[in-house]
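Protein chains: 2
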Amino acid sequence: MKEVKSAFNVSCKNCGLQKVCFPTGLRREDVDRLDDIVDRRSPLKKGQHLFEASDKFSALFAIRAGVIKLYSFTDSGEEIVHGFYLPGDVLGIDALGSKQHQYSAVALDTTSVCTLPFEKFTELTESIPNLNQQMLNAISKEVLDGRMHSELLIRRNADQRVAQFVWNMSERYRNRGYASDEFRLSILHRDVAVYLGLTPETVSRILAKFHAENIVTWKKKEVMIHDMQRLMHIAGVHSSCDSCKATA
Amino acid sequence: MKEVKSAFNVSCKNCGLQKVCFPTGLRREDVDRLDDIVDRRSPLKKGQHLFEASDKFSALFAIRAGVIKLYSFTDSGEEIVHGFYLPGDVLGIDALGSKQHQYSAVALDTTSVCTLPFEKFTELTESIPNLNQQMLNAISKEVLDGRMHSELLIRRNADQRVAQFVWNMSERYRNRGYASDEFRLSILHRDVAVYLGLTPETVSRILAKFHAENIVTWKKKEVMIHDMQRLMHIAGVHSSCDSCKATA
DNA sequence: CGAAGGTTTGATGGCGTTCAATAAGAGTGG
DNA sequence: CCACTCTTATTGAACGCCATCAAACCTTCG
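In the order they appear, the protein sequences are chains A and B.
Letter by letter, the first sequence follows residues 1 to 248 in full-length UniProt numbering.
Letter by letter, the second sequence follows residues 1 to 248 in full-length UniProt numbering.
The set of hints was computed from the structure by calculation and includes no laboratory data.
If a hint is listed, it holds; no wrong ones were tucked in.
Note that the list lumps identical chains together, so a pair holds whenever it fits in one copy or between two copies.
Keeping only pairs whose Cα atoms sit at most 27 Å apart, straight-line, the calculated BS3-like set for lysine-lysine is: (1) K219 <-> K45; (2) K19 <-> K56; (3) K141 <-> K13.
Let the sequences and hints guide you as you build the complete structure.
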């Protein structure tokens, strides 16, 4: 099952995201065995779906590069954006119970993904004890992310929501070893607005204000944070060690 | 490890909630083995905590009777209510990753709980294959509940939120075999308000309106639903089979 | 019984939505 | 490469929902 390597087809062993996918670390031989079951397809183009709501669940996915938006629609047809998944994030957990995807996942940019067939993954779990805990970590992260999202939607005004979103993205890139004060973000303002429970107009106005006050500039998929302190202050991130918590 | 039985100390085998705790069903001998590891303490009184944020995680909990509120505080000291747990619900999943509770759980009424020591539970998992899937179901439910909460907080006005909350509670009681149009609910309006991202005043006003329009009466912990159709309509639950979905 | 906390009701104001119209990008085909 | 179209972003004005503040009433519990 060993395959030819390419830019989009690097083994877990040589993947820079190993620490993100498996934070507590697996033994080298265990990573090799994981490699054997991982399926690496050609990258998704912008607008292509990784899966759609009601699809049968057969695998978990780890993002290698790009961005995925997880979304669904309410009974009345409004879109709900549940989250954005960056390199190193695991996708598909919502379907573990019903074996059927509850939401849809679409690429917002060229995105490459590692596929973990769930059957084989479960078998591996029996022989790699640590893998089960890794799984629990990923699941737990999913639950906590959901709670964070709810928290953001309750009693935080529009300024705070936008600031927290930008800061959160910055932290996530930092944890992956990228620059945290300047990064590319292929997410439409419209999608951000839906995620934050706001209208595009409101988000636009707030970003204009942040730009005028020289806190954050977000133009043409390029985000630049000029004043991290004030950004964190607006976001309501007071405790000095929150970045540590986020890393955990 | 077999114990004397009492009203608050019934084995899983004889527990009416078995279908809720283990929806897909376990074999009789497996339930017996579960029984052996379950710890049944004396009930919690109103106001007592099952666990608190930052407590070490050592067990999952299944509610047998009563109500538990899961909550935490923001950096700025505001309370966040993440959810209410009814008989048959599983609590403690948020701590699976970090082995440390992230939120606090307090009894809103006299509440009895089954304790599942996680170590022993994990061991059992190896010999009862179906148990692992039960676990995944519980986790998945936790994720989906969180998403439902977010969904409720986005672009739903106060009327819709309150209606959806009452309807949801009604459904949950119905799924447990209780009356769905008349039930006791030991939750303060204040806690409901925080959960819904509203103020107590707003919730009070809306309940007064629902009462005046003869849709729902909620006085002194007694909820009566007089017009389920209109309640569902306000809640934005249009599809006729949503009760089925909720059961799944 | 008295105190503390929860609920109800009313008046006022602010924040974010809504509607509308323009500007700016992105994608397509000539 | 430019013209054309479609989607997204920006900016302005006005309205409405819900928070806020305040005061009275009601429960609960020591």
